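In the order they appear, the protein sequences are chains A and B.
For the first sequence, our numbering gives the first residue as 196, with consecutive numbering after it.
For the second sequence, our numbering gives the first residue as 39, with consecutive numbering after it.
Honestly, I wouldn't trust all of these hints.
List of simulated lysine to aspartate or glutamate pairs, EDC-like, C-alpha gap at most 20 Å [as the list claims (entries may be wrong)]:
1) B:LYS134 - B:ASP109
2) B:LYS134 - A:GLU226
3) B:LYS134 - B:ASP124
4) A:LYS198 - B:GLU82
5) B:LYS134 - B:GLU106
6) A:LYS247 - B:ASP139
7) B:LYS134 - B:GLU94
8) A:LYS264 - A:ASP277
9) B:LYS116 - B:GLU82
10) A:LYS298 - B:GLU91
11) B:LYS134 - B:GLU91
12) B:LYS121 - B:GLU39
Source of the hints: derived by calculation from the structure; they are not laboratory data.
Everything numeric in this text was worked out from a predicted model, so none of it was measured.
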Amino acid sequence: DAKTTQPPSMDCAEGRAANLPCNHSTISGNEYVYWYRQIHSQGPQYIIHGLKNNETNEMASLIITEDRKSSTLILPHATLRDTAVYYCIVRVTGANSKLTFGKGITLSVRP
Amino acid sequence: EPEVTQTPSHQVTQMGQEVILRCVPISNHLYFYWYRQILGQKVEFLVSFYNNEISEKSEIFDDQFSVERPDGSNFTLKIRSTKLEDSAMYFCASKKGRAGDTQYFGPGTRLTVL
Chain A
196 DAKTTQPPSM DCAEGRAANL PCNHSTISGN EYVYWYRQIH SQGPQYIIHG LKNNETNEMA
256 SLIITEDRKS STLILPHATL RDTAVYYCIV RVTGANSKLT FGKGITLSVR P
Chain B
39 EPEVTQTPSH QVTQMGQEVI LRCVPISNHL YFYWYRQILG QKVEFLVSFY NNEISEKSEI
99 FDDQFSVERP DGSNFTLKIR STKLEDSAMY FCASKKGRAG DTQYFGPGTR LTVL
């Protein structure tokens, strides 16, 4: 699986958009970009994933650059409950492939 | 919405004892996983399981570990003789099966080995 690079931390104000960057310059054509988050020591929570096109769901939007070498997770209106570690993971397609977690980015949402 | 459940939420055991961690994956899922997270460290893959056999395992998953799907709903991780360094959060995950399908995680079991 391709390696990802994320800044260690960032913060944003409650109610504002949080834009979390991820670099994955060695991504290959059959690899998806997944985002999970982990609040305290709870189980990782799936947020969103994409291959080439931008994606949006009820939690977030995922913007993938045209060359697929980087992506941005956008939480449109961050709340205090969005404070967590966010993991950007690149995963080969394949029915059984595991997730390889890095250190992620710690997002702190301030009141 | 269906979710992965795990029991117990916290298990305390003495070094050398056997423990069994239990998971109930989402009911129509076919692929099952165990991960662990030592305090302050990354989430690490342990093992994946499909069609009643191990598909892939990491270096961590040595002979003291085993997994089983004893019936149609449970998925267990057994640690035969626990060591202090097995203290960690253990997460179960499941996936429906198609390539690209998402893994959903349970809340975890905190294992403390004394």
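We went through each hint and held it up to the structure:
no. : hint                : verdict
1   : B:LYS134 - B:ASP109 : holds, 18 Å
2   : B:LYS134 - A:GLU226 : holds, 18 Å
3   : B:LYS134 - B:ASP124 : violated, 29 Å
4   : A:LYS198 - B:GLU82  : holds, 15 Å
5   : B:LYS134 - B:GLU106 : holds, 18 Å
6   : A:LYS247 - B:ASP139 : holds, 16 Å
7   : B:LYS134 - B:GLU94  : holds, 17 Å
8   : A:LYS264 - A:ASP277 : violated, 26 Å
9   : B:LYS116 - B:GLU82  : holds, 17 Å
10  : A:LYS298 - B:GLU91  : violated, 30 Å
11  : B:LYS134 - B:GLU91  : holds, 16 Å
12  : B:LYS121 - B:GLU39  : violated, 37 Å
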